[in-house]
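These protein sequence lines map, in sequence, to chains A and B. Counting with our numbering, you get residues 10 to 225 for the letters of the first sequence. Counting with our numbering, you get residues 937 to 1156 for the letters of the second sequence.
Simulated from the structure, these hints should not be mistaken for laboratory data. On a predicted model such as this, the values are computed, not experimentally measured, just so you know. No residue lacks a Cβ here, since even glycine has one placed at the ideal position from N, Cα and C. Among the clues, some could well be false.
Among chain B residues calculated to face chain A with C-beta under 10 Å, some are [what the hints assert, rightly or not]:
#1 C940
#2 R944
#3 D954
#4 R960
#5 M983
#6 E1013
#7 A1027
#8 L1030
#9 L1038
#10 R1145
#11 A1147
#12 E1148
#13 R1151
Derived DSSO-like pairs (lysine-lysine); straight-line CA-CA distance at most 30 Å [to be verified]:
#14 K206/A with K167/A
#15 K90/A with K167/A
#16 K982/B with K206/A
#17 K982/B with K90/A
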Amino acid sequence: MSLAMDCPDDPAAPLAQLPADNAAAYRCVEAAALLAGLRRREDDAIRRVAATELDGIYATAFGILGRREDAEDACQEVLLKLLRAAPVLSPQTSLRAWLRRVCVNYCLDQRRRRRPASQTVSTESVSIEHPGPSPHEAAREAELRDALTRALCQLPQKQRAVFVLRHFGGCSLREIAQILGCADGTVKAHLSRAVAKLRVLLSDWRISGPERSARD
Amino acid sequence: VTSCRRIRNLIGPYLYGDLDSRERDWVEAHLRACARCRAEVAGAQKMLARTPETLLRPSAEARERITEAVAMRMAEEPAGELLPRRPAWGAPRLALAGAATLIVGIWIGHQLPQRPVAGHAGPARTAAISTAPSPDRVSTAAGSQAAPNPVVPQGEPERAHAATPQRRPTSPDKQQARESVRPRQHERIEGTPKLALRAPEPEGIDDVRLAEAIRTEATP
């Protein structure tokens, strides 16, 4: 969901000022209504945001922090920050980019505060959150998730953030550049290096993961 | 090798389909010719295929927990707390910093050695200047009576020059003659009015006195 549309700042602007395109006008009115609901702290408004944006926020936080509990805390803080900032947000603001930026900043700040010894992935993150069709599939998925979060923790912060935002957060390169405040070329280089390192780091998992299970 | 290095900086966006047509054609042309980069791309492609985008998504329970916690914390916080927080003690802190800076500045000012500022004389210097007669008055006094003891104090000529701007003499004789008629600080040339050691008054007061004197003379 995005509030970024070609629409006036004032939600109560006359319809004549709305864009000619009907779809854009509809999204503009919808974004203004959502923002008005957030300003009034309506429960429905925050649930609508959670329904569309929570997956991306959670995946971004999980990828950066590496722990499920930390990701849940980060989601709470980011949504509360949205409610606090709603009075000063404009309907033209890209809600997705704003939420991702706040999430990335919060998570990187949390990692800086965290002690180095506790930066390892907790075993609780291996817990099964998406039970597959069979316990065997669910266990493999949990193992993969654990291996991925461990590999992500070995990446530099910028590379990890870029990869998580692109692969799990659903952001474009331009959005990532805006979120992290760097050039498009830098984002491309970070993404390429992250992919190359993850390929090496997860090559061990290929042996100890499904392949081993298949051999067994 | 340089080409491989530049291509590998584009492999990530290439796998996600984020390159424009020119960059994509360039990468694909290189991959057709370079087996190592081709193997790199193939390995990365397999890795990404094994890590689905849904891998890190929250469970339905986690989603509900987060939403409920946000709603609860939102209800607990007063309306004012939801606005962007600004420190209420920002202004006092600024005033305290300003006062501290002022105190430190005053202390440093007291620690520094006091020197007369150019163009502004201190009280003692003002007294010295106020006792010094004007050049024409000195020449009149010198014509009637020579200075009894024309001793030049050490270190004073520069200050005397600064107080009474004169042209620097071109010959030592002229300098000696001028020094002989120049009054010292502790001397008072006879015939000159005895001036009190006081700071010069502002010009406005002299103007007022002048106006009063004119008014007094005008009135019979």
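Under 10 Å, Cβ to Cβ, is where M983/B needs to be relative to chain A, so tell me if that hint holds or is violated. holds (5 Å)
When the nearest CB of chain A is found for E1148/B, is that gap smaller than 10 Å? Violated, about 67 Å.
Supplied contact hint for A1027/B, tested at 10 Å Cβ to chain A: Since the shortest Cβ distance to chain A is 21 Å, the answer is violated.
Satisfaction of the R960/B interface hint, Cβ to chain A closer than 10 Å: Nearest chain A Cβ about 12 Å off; hint violated.
So, D954/B near chain A? Judge it on the closest CB pair being under 10 Å. holds (5 Å)
Once the shortest beta carbon distance from E1013/B to chain A is found, is it less than 10 Å? holds (8 Å)
Against chain A, run the beta carbon of R1145/B and see if the smallest gap drops under 10 Å. Cβ of R1145/B sits 65 Å from chain A, so the hint is violated.
With a cut-off of 30 Å on the C-alpha distance, tell me whether K90/A and K167/A pass. holds (23 Å)
Using 10 Å as the Cβ threshold, decide whether L1038/B counts as touching chain A. The hint is violated - L1038/B has no Cβ within 10 Å of chain A, the shortest such distance being about 35 Å.
Quick check on R944/B please, does its C-beta sit within 10 Å of some C-beta on chain A? The hint holds - R944/B has a Cβ within 10 Å of chain A, the shortest such distance being about 6 Å.
Sort out whether K167/A lies within 30 Å of K206/A, counting only the CA atoms. holds (13 Å)
Can you confirm whether the C-alpha distance between K982/B and K206/A stays at or below 30 Å? holds (13 Å)
Checked against the numbered hints above, the structure breaks hints 1, 4, 7, 8, 9, 10, 11, 12, 13 and 17 and satisfies the rest.
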